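Put chain E on the given structure of chain R with help from the hints.
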Amino acid sequence: MSIPGEWYLILAAALFTVGALGLLVRRNVLVMFMCIELMLNAANLTFVTFSRMLGDIGGQVIVFFVLVVAAAEVVVGLGIVVAIFRRRTQTSADDLRQLKG
Amino acid sequence: MLVSTLHATIPDAATFSVCAAVIMGGAVGVITARNSVHAALSLVMTLFGVAVLFIEQQADFLAVVQIIVYAGAIVVLFLFVIMFLGVDRRENVAEEPLRGQRPLALLLVVIALGGVIALGVNAHWATGRHAVAGSTTAGHHPNVYVLGRSVFTTYLFAFEATAALLVIAVVGAVVLARRPRRGPADPEAGEVDEGPDEAAETGGGVAGTPAEAMVGTEPGGEGRG
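The listed protein sequences correspond, in order, to chains R and E.
Counting from 1 along the first sequence, just add 67 to a position and that's the residue number in this note's numbering.
Counting from 1 along the second sequence, just add 177 to a position and that's the residue number in this note's numbering.
It cannot be assumed that every hint is accurate.
Listed next, with one range per pair, are the computed distances between beta-carbon atoms [said to hold, decoys possible]:
#1 E/Ser312 - R/Arg153: 49 to 59 Å
#2 E/Val352 - R/Gly122: 36 to 46 Å
#3 E/Gly325 - R/Gln165: 46 to 56 Å
Simulated from the structure, these hints should not be mistaken for lab results.
The structure presented is a predicted model; accordingly, all values stated were derived computationally and were not measured.
Even glycine gets a Cβ: it sits at the ideal position worked out from N, Cα and C.
Just chain R, with the same shape it has in the complex (with noise of 0.2 Å):
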């Protein structure tokens, strides 16, 4: 018998909380885009571990779909970040204010 689900889910969500601590402390915006792709895969295996679960295989199509949106996410994210931080020297989400009053 293998490992029940639940500990699946809790290494899920300290995975996905783990993410969220990154995208609230660090500055570097790539390491930002690192930090959405952690939880992204959190999510990703709560959906897998809820698909051997409950024997549906929605959760798998799902992550399918999540896998080809976030290559999609961090191809626009990441072209973004190469046309802002062209001309600078550090990429420090400190240094986009522009629009501040």
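Just chain E now, with coordinates in the frame of chain R:
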């Protein structure tokens, strides 16, 4: 209800323990690494751990896609951008620009984690409804067969929409990353090359240095890209 007693076999328990350690170690590495490249490599570690847990839960196809798409494409894209922007330098993680941000973030995140686990303990997951997308176990078909049949029948429209999404993303990335055309009347013509050097000479990157402020006040200097 949550955390039912562990009746797993030794290999399963060992696999799960090692993968959990790898995943959490990689995740902590991502948020504590001073160097962006190290953060990307820690991310690869986490992604591999998640892929092994996918295999452990009979999601074979997704494990392979996870390795190919995430570790093979997305992390490589991250590394490309890190190298392209030339930011493979150490960042001072110890300094805290906003006072009290980290304790508050930690508190918020711990509350969120506790809330999720508390909700999970009290939840009733099985609703008794039949699966719309199909069962994972019916007919003893392999995972790829079941997943593929569901994607190309029940979720066909969503699958085709993702094709449009990917095309839009590619076009958007090309438009965003394109350098602005240098015309004779473009005041930015020579300045594109000078900008980073100028900021780098002053030991740069600190927002608000005179050099950067000067670059910022040039006509059309900021926000073009």
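Hints versus structure:
1. Range check, E/Ser312 to R/Arg153: Cβ separation about 50 Å, and the 49 to 59 Å hint holds.
2. Here the CB-CB span from E/Val352 to R/Gly122 is close to 44 Å, well matched to the stated 36 to 46 Å.
3. In this structure the supplied range 46 to 56 Å holds for E/Gly325 paired with R/Gln165, their Cβ-Cβ distance being about 48 Å.
Checked against the numbered hints given earlier, this structure breaks none of them.
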